[in-house]
Amino acid sequence: MTDNDILAAFADIVYEVARIDASIVTPEKRFVDDFDIDSLSMVEIATAAEDKFGVSIPDSALSDLKTVGDAVAFIAKAGVAA
Amino acid sequence: MTTDHPRVLALGEYRPSRSVPNAELPAELEPDDAWIRERTGIAALRIAGDDETVVSMAGAASAKALATAGVDPADVDLVILASCTMPTQVPGGAARVARLAGAVTAGAFDINAACAGFCYGLSLAADAVRSGSARHVVVVGAEKLSDWTDWTDRRTAILFADGAGAAVVGGAAKPGIGPVIWGSDGRMAELIEIPLGGKLQMDGQAVFRWATTALADVARRACTAAGIPTEALAAVVPHQANLRIITALARQIGAANAVVADDIVDAGNTSSASVPLALSRLIADGRVRSGDPVLLLGFGAGLTWAGQVIEVP
Numbered sequence: 001m002t003d004n005d006i007l008a009a010f011a012d013i014v015y016e017v018a019r020i021d022a023s024i025v026t027p028e029k030r031f032v033d034d035f036d037i038d039s040l041s042m043v044e045i046a047t048a049a050e051d052k053f054g055v056s057i058p059d060s061a062l063s064d065l066k067t068v069g070d071a072v073a074f075i076a077k078a079g080v081a082a
Numbered sequence: 001m002t003t004d005h006p007r008v009l010a011l012g013e014y015r016p017s018r019s020v021p022n023a024e025l026p027a028e029l030e031p032d033d034a035w036i037r038e039r040t041g042i043a044a045l046r047i048a049g050d051d052e053t054v055v056s057m058a059g060a061a062s063a064k065a066l067a068t069a070g071v072d073p074a075d076v077d078l079v080i081l082a083s084c085t086m087p088t089q090v091p092g093g094a095a096r097v098a099r100l101a102g103a104v105t106a107g108a109f110d111i112n113a114a115c116a117g118f119c120y121g122l123s124l125a126a127d128a129v130r131s132g133s134a135r136h137v138v139v140v141g142a143e144k145l146s147d148w149t150d151w152t153d154r155r156t157a158i159l160f161a162d163g164a165g166a167a168v169v170g171g172a173a174k175p176g177i178g179p180v181i182w183g184s185d186g187r188m189a190e191l192i193e194i195p196l197g198g199k200l201q202m203d204g205q206a207v208f209r210w211a212t213t214a215l216a217d218v219a220r221r222a223c224t225a226a227g228i229p230t231e232a233l234a235a236v237v238p239h240q241a242n243l244r245i246i247t248a249l250a251r252q253i254g255a256a257n258a259v260v261a262d263d264i265v266d267a268g269n270t271s272s273a274s275v276p277l278a279l280s281r282l283i284a285d286g287r288v289r290s291g292d293p294v295l296l297l298g299f300g301a302g303l304t305w306a307g308q309v310i311e312v313p
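Line by line, the protein sequences are chains A and B. Residue 52 in this note's numbering sits at position 52 of the first sequence, and the numbers go up by one each step. Residue 211 in this note's numbering sits at position 211 of the second sequence, and the numbers go up by one each step.
If we strip away everything but chain A, and leave its shape as in the complex, we get (with noise of 0.2 Å):
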């Protein structure tokens, strides 16, 4: 999966969960500054990629996630590590 597919996974989960249009879920967007997602959204977006990807993302791991890209880099990571 490139990282390019993983962001538009990702975006479709976003979407899901906070009604943001993907389209403008792109990498260099803040979750919470950008798009007003707060914390228990962030749980909601983690647990339903978990899901779709296959991976673990703890709450620690949560905090650090800033923006789009870090979450996919993130995702990315994971999903080889996995």
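Think of the hints as simulated: they come from the structure by calculation, not from any bench. The reader is advised that the hints may include incorrect statements.
Here are a few chain A residues that face chain B, going by a calculated C-beta distance under 7 Å [claimed, not checked]:
{"no.": "1", "residue": "Ser39"}
{"no.": "2", "residue": "Leu40"}
{"no.": "3", "residue": "Val43"}
{"no.": "4", "residue": "Thr47"}
{"no.": "5", "residue": "Asp59"}
Beta carbons are placed, not taken as given, at the ideal position from N, Cα and C, and that holds for glycine.
For chain A, the structure is supplied; the task is to place chain B on it using the hints.
Here is chain B on its own, set in the frame of chain A:
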């Protein structure tokens, strides 16, 4: 006609008279109504006064449930108080609740399964009626969480509230309480706790993750055990922890035709009282009717959980 099938005969509730809207929470919490509503669904908390105790609220709710059921308190053989906020350890509260409800010499004991307590108690009540140990059982969830709230912690103080909800369980020709699905996981005991000498603490994010990933399976199993497809449920009554947990659970279960209890909006999170309070509200508002199958699902500190399908009295 046999009458040994346990059934909920009536509910009773006690809501503290004081309602505290988000904006009127203590100033040091910097309460922001829109922020609180968006994250929790809560608009106001019911907070008990000095004269409203766990025991007094439980007694009042129990007496109302008995009156509505038309059951003579003298015919109650057991009173179960589910609470995790009793101010003292000894004596337990159940005997005083029994006295207040008029069931003066009924068997009485307390259980603490936190927010799952009412559903645990309801299962014990059903077993007692089924086995013949009791003709009628009062099970009541009652909490005064405001006594244990850290009023300087805006992550938790905006959530917790007070109240009591009771059910009378008795024998009927037709079964009305489905098998319980219950469990616990002490590996996550520290996620919600009142440390010795301290106030209530909660890792909200971790609890949210658990509640939105682990509990749908418990709910589905309770429906399967009762032989009720989730789409046939008339209502889903989860513990009123957070409206976002409740909404996520209802969506995951696929209870497409069910009313989803939302008593939390003006009641707050009342732990063991929340399930009977929310169901009582649905009945009072005419959102469910007698005989409707509804799913009850308690979950919370321990961690503990318990769920069952019952028929609305």
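* Check each numbered hint from earlier against the structure, then list the numbers of those it violates in ascending order. => Result: no hint breaks.
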